[in-house]
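Chains as they are written, first to last, in this note's numbering: chain B, 1 to 190; chain G, 191 to 981.
Keep in mind that the hints were calculated from the coordinates and are not lab data. Mixed in with the good hints there might be a few duds.
[Claimed, not checked] No more than 25 angstroms apart at the CA atoms, straight line, and that leaves these computed lysine-lysine pairs for DSS-like: (1) B/124 to B/177; (2) B/124 to G/671; (3) B/177 to B/82; (4) G/980 to B/44; (5) B/22 to G/966; (6) B/181 to G/968; (7) G/966 to B/124; (8) G/427 to G/396; (9) G/980 to B/24; (10) G/966 to B/24; (11) G/746 to B/121; (12) G/724 to B/22; (13) G/848 to G/837; (14) B/24 to G/848; (15) G/632 to B/22; (16) B/51 to G/671; (17) B/74 to G/848; (18) G/847 to B/74; (19) G/632 to B/51; (20) B/121 to G/919; (21) G/966 to G/980; (22) G/632 to B/44; (23) B/124 to G/919; (24) G/807 to B/74; (25) G/655 to B/44; (26) B/24 to G/632; (27) B/124 to B/51; (28) G/620 to B/44.
[Stated by the list, open to error] If you want the footprint, here are the derived chain B segments under chain G, 3+ residues with CB under 8 angstroms: (29) 14 to 21; (30) 26 to 38; (31) 92 to 98.
From a predicted model like this one, the values you see are computed outputs, not experimental measurements. By construction, the Cβ of each residue, glycine as well, lies at the ideal position given by its N, Cα and C atoms.
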Amino acid sequence: MVLVLAIGDLHIPHRAPDLPAKFKSMLVPGKIQHILCTGNLCIKEVHDYLKSLCPDLHIARGEYDEDARYPENKTLTIGQFKLGLCHGHQIIPWGDLDSLAMLQRQLDVDILVTGHTHQFKAYKHEAGVVINPGSATGAYSSITYDVNPSFVLMDIDGLRVVVYVYELIDGEVKVDKIDFKKTANTQSAH
Amino acid sequence: MVPDAAAADEEKCLTDGMGRLQHNAFYMHRALDSNNLKDALRYAGQMLSELRTSSLSPHKYYELYMRAFDELRKVEMFFVEETRRGTYSVTDLYELVQHAANILPRLYLLCTVGSVYIKSKEAPAKDVLKDLVEMCRGIQHPVRGLFLRSYLSQISRDKLPDIGSEFEGGANTVNDAIEFVLQNFTEMNKLWVRMQYQGPIGEKAKRGKERSELRDLVGKNLHVLSQLEGVDLDMYKETVLPRILEQVVNCKDELAQHYLMDCIIQVFPDEYHLQTLETLLSAFPQLQPTVDIKTVLSLLMDRLSNYAVSSTEVLPEFLQAEAFAKLNSAVGEVIEAQVDMPISGVITLYVSLLTFTLRIHPDRIDYMDQILGACVQRLSGKTKVEDSKATKQIVALLSAPLEKYKDISTALNLPNYPRVMDHLDNATNKVMSAIIIQNIMKNNTCISTADRVDTLLELIKGLVKETDEAQDDELDEEDFKEEQNSVARLIHMLRTDDAEEMFKIISTVRKHILLGGPKRLAFTVPPVVFSALKLLRHLQNQDGDVNGQEVSVTQKKIFQFLHQTIEALSSVPSPELALKLYLQCAEAANDCGLEPVSYEFLTQAFILYEEEMADSKVQVTAIHLIIGTLQRMNVFGIENRDTLTHKASGYSAKLLKKPDQCRAVYACSHLFWVNEQDGVKDGERVLLCLKRALRIANAAQQMNATRGSSGHVTLFIEMLNKYLYFLEKGNPQITSSAIHDLIDLIRTEIQSDNTTSDPSANAFFSSTMRYIEFHKQKGGSVGENYEQIKV
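Use the sequences and the hints to build the structure in full.
Below, the structure written as C-alpha cells:
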C-alpha cells in the first residue's frame with residue numbers, strides 16, 4: 001500500500017491566503033509516501049510545507065510559480081504504475097480530455113496527473129487514467145465557476161489504484177472513491 | 191591582592207571565632223551537666239562574646255550566629271527542664287543572667303530565659319516581650335543588633351499571644367503580639383538603614399551588597415505578621431499596614447523602601463491589597479525618587495491580575511474597590527513624580543495596567559483607549575522611539591489587546607491605537623504589523639468595511655508603504671519576500687459579501703498598495719486583481735445571465751479598475767505577470783459578454799508580448815497562454831476574431847526554435863475548432879494550421895538530419911495525433927491519405943540509419959498505433975472515421 005498525494009493549483013498568495021484548515025489537519029507528515037504536485041503553488045513557503053509532509057515531492061511548473069526551474073512535465077514509476085505529471089496550461093484546449101490523452105501517450109504513462117482547470121476529474125480512457133486533483137484552496141479560475149477546494153489521495157496496491165477525492169463542500173469534507181485496475185502484461189490500464 | 195588577603199583574614203577570623211565558641215560551649219555544657227549554673231553562665235557569656243566581633247561580613251557572621259543559636263537551644267532546654275523541676279525559678283534565672291559582663295551576651299541570655307519565662311506562664315507574655323524588645327535597644331551596632339533581634343523574633347515566634355494560642359487571655363491580646371512584632375520590625379529597619387552610613391564612602395557598593403544579604407532578616411517580621419490569625423482584614427487595614435508604611439516612608443532609604451514595598455505585596459494576601467489599595471498606593475509618591483517604583487507597581491498590578499482570574503467571584507470586589515481608577519491615577523502620579531523615569535519604564539507601567547484592565551474589565555474599551563491615550567501623551571513631543579527596551583514594551587502594549595480580543599476590529603476601534611503605532615520607528619512598526627497580520631490570519635478574521643480596511647492598512651504602513659531607500663536595501667531578500675507575501679495573504683481577508691462595499695474595499699486596498707513602490711507591487715497587485723475578478727463573478731451570479739447591453743455600470747467600473755491596477759505593474763516592470771493578468775481579465779470580460787473590453791485586454795497582452803518578452807522560454811509560455819485563452823473566447827465577432835487569431839498564429843510561427851514553432855502553430859489549429867454546440871468549426875483553417883506545422887516539422891527534420899539527431903520524430907508523432915484528433919471530431923478536411931503519409935513518414939524515420947534510436951518516441955508511436963487499433967475495433971461513430979486507416 002503506497003499513498004500518493006496529488007495536489008495543486010493552490011495559488012498562494014495570489015488567489016488564496018492558505019489551505020483550508022480542515023485540509024491542513026488531515027494532511028499529516030509521515031503518512032504519505034509521494035507527492036505529485038500539479039503546480040501553481042506559488043511561493044517557496046508552500047513548497048516547504050509540502051516538503052514537510054513528505055520528502056519525495058515532485059512538482060510540475062505552473063504558469064504562476066515563483067520558481068521557474070520546476071520541469072514542464074515529469075514521469076516516475078511507483079510500484080507497477082508509471083505516472084506522469086504536468087500542470088496543463090501547455091495543453092490546448094485547456095482541460096480537453098482527448099488532448100490530455102495525447103500527452104499521456106507521449107509520456108507513456110498509466111496515470112497522468114494534471115491541473116490548471118481547478119476542477120476535479122478522474123477519467124479513464126483506453127491508454128490509462130487522467131486525474132485532476134482540482135485546486136486545494138478552491139482558488140479562482142477563469143475556466144471553472146464555483147470551485148470547491150479539493151485534493152486526491154491515490155492508494156497504489158499492486159495492479160490496483162484506488163483514487164480518493166477529498167472535497168470541501170459548504171464547510172464539510174466529503175470523500176469519494178474510484179477504483180482502477182491495470183492488466184499485468186500490457187503497458188496500459190484497461 | 192588586598193581583597194584576597196582581606197578575605198583570607200576574614201576566613202581565619204571566622205575559624206578562630208568558631209573554635210573559641212565551641213571551646214566555651216564544651217565547658218558550658220560540662221558545667222550544666224554538673225548543675226554548676228554559675229560556671230555555665232560564665233562560659234555561656236564567653237561563648238556569646240564571639241558575637242561581639244566587628245571583623246566579619248554579614249555572610250560570615252551568620253555562620254557564627256547559627257552555631258551560637260544551636261548552642262543556645264540546648265541551654266534553653268536545660269532551663270526549661272530545671273525550672274520545671276523547681277531547681278531554679280524563672281525569675282531567679284532572669285535575674286542571674288543579667289550579671290553577664292558584656293551587654294550582647296547578656297541580652298542573648300535574657301532572650302533565651304525570656305522564652306522560658308513566657309512558656310512557664312508565670313508572667314504575661316506581653317510583659318516579657320515588651321521588656322525584651324526594649325532592652326535590645328542596647329545594641330546599636332547594625333549587624334549585631336539585627337542578628338540579636340532576629341534571634342528574639344525566632345524564639346518568640348511560637349509564643350506570641352495570637353488568637354487561639356495558649357498565650358492569649360487576660361491581659362494578653364493579639365494587639366500585644368502585633369505591637370511587639372511591629373516594634374521589633376521598626377528597630378530592625380532602623381539598624382538596617384544605618385548600615386548604609388557606616389564605613390568609608392568609597393565602599394558604598396560593598397555596603398549595598400552586604401545590606402542585601404541581610405534584608406530577609408528585616409522582611410521576616412512582615413512574614414510573621416502575615417501569619418498571625420489575629421491579623422484579619424480590619425486589623426491589617428487599621429493598624430498593621432499604616433504602621434509598616436509609616437516606617438517605610440520615614441526611613442527614606444532607597445534599598446529599604448524598594449525591598450519592603452515588594453515584601454508587603456508578596457507576603458500579604460491579594461484580597462487585602464485590593465481592599466487597602468488607596469492606602470498602599472498613596473505611599474508610592476512619597477518614596478525616594480530613586481526607588482524603582484515601576485517594578486513594584488507592576489508587581490502589584492500583575493498579582494491583582496492573577497487574583498482576578500483565580501475565581502469569578504472575585505471580580506465584583508474589584509469593581510467595588512474601584513481598582514482601575516485608583517491604579518490609573520497612581521500610575522499617573524508615579525510618572526509625574528519620577529521625572530527621570532526612562533520611557534521604557536513608563537511604558538512598562540502602562541503594559542501592567544493594560545494587562546490588569548484586560549482581565550478585570552474586558553468590556554471597558556474606553557479604559558483601554560484611556561490607557562493608550564496616556565501613553566500617546568507621554569510619547570508625544572519625542573521623536574520616534576528608538577530605545578530597544580521601550581519599543582519592546584510598546585509592542586507588548588499593542589499586542590495585549592490583540593491576544594485578548596482575538597478580533598482585530600476591537601483594536602482597530604480604539605482611536606489611540608494607531609496613534610501609539612505612529613510613534614514606532616519603521617523597523618518596530620514592521621514587527622508590530624507582522625504580529626497584527628498573524629493575529630488576523632490565525633483567527634480567520636475578515637475585515638469587512640472599507641473604513642476599517644483603511645485604518646488597518648494605515649496601521650501596518652511599515653510593510654505596505656515605501657520608505658527610505660536605505661532601509662529597504664538592508665532587508666534580506668528572503669525576509670522581504672516573506673513580508674510581502676504575508677501582506678498578499680492579508681488582502682484575501684479584506685472582503686464582504688456586499689458588492690458596493692467590496693468595491694470600496696478593493697479601491698481602498700489599491701490606494702494603499704500603490705504607495706508601496708515597484709518592489710512591492712509584484713506581490714500586492716495579483717491578490718487585488720483576483721479579489722476584483724471574484725467580485726465580478728459574484729455580480730454575475732447575482733444578475734443571472736447578462737448579455738450584451740444589459741451590463742450594470744459596476745461591471746464596467748470593475749474592468750476599469752482592473753485595467754488601471756495591472757497597468758501599475760509597468761513601473762516594476764513585470765510584463766510576464768501583467769500579461770497573465772490581462773488574459774484573466776480578457777476571459778472575465780468574455781464571460782460578461784463585453785466584446786470591446788475583452789478585445790482591449792487582449793490587445794494589452796499582445797503589446798506586452800511584442801514589446802517586452804525577449805526570452806524565448808518566456809515567449810513560449812506566453813504564446814500558449816494567449817492561444818489557450820483565445821481558444822475559449824466566444825464573444826468576438828468575425829473581424830475581431832480574425833485579427834486576433836492571425837496575430838496569434840503569426841507569433842507562433844516566429845518563435846525561435848523550430849519545435850516550439852511547430853507546437854505553437856498546431857495549438858493554433860484549435861482556434862478554428864471549438865467543440866461546443868455553436869462553436870466555430872472551420873475545418874479548412876484547421877488543416878491550414880496543421881499543414882503549416884507539418885512544414886515546420888519537416889524543416890526541423892532537415893536541421894536535425896545534419897546533426898544526426900532524431901528529436902523531430904516526436905514532432906511528427908504529435909502531428910499524427912493532432913490529425914487523428916480532428917479526424918475524430920469530424921473535420922472533413924482530414925483525409926486518411928494524409929494520415930497514412932504521416933504514419934509512413936514516421937516509420938521511415940524511426941527505422942532510418944541516420945537517426946539515433948529514441949525509445950520514448952518509439953513508445954509514443956506504439957501507443958498511438960494502439961489507439962488507432964482500439965478505435966477500429968471498438969467501432970461505433972468514432973470507429974467509422976478509422977475504417978479507412980490501414981495500420
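Margin query: Hint by hint, where does the structure go against what was stated? Just the numbers, ascending.
Written below: Violated: hints 2, 4, 5, 8, 9, 10, 11, 14, 27, 30.
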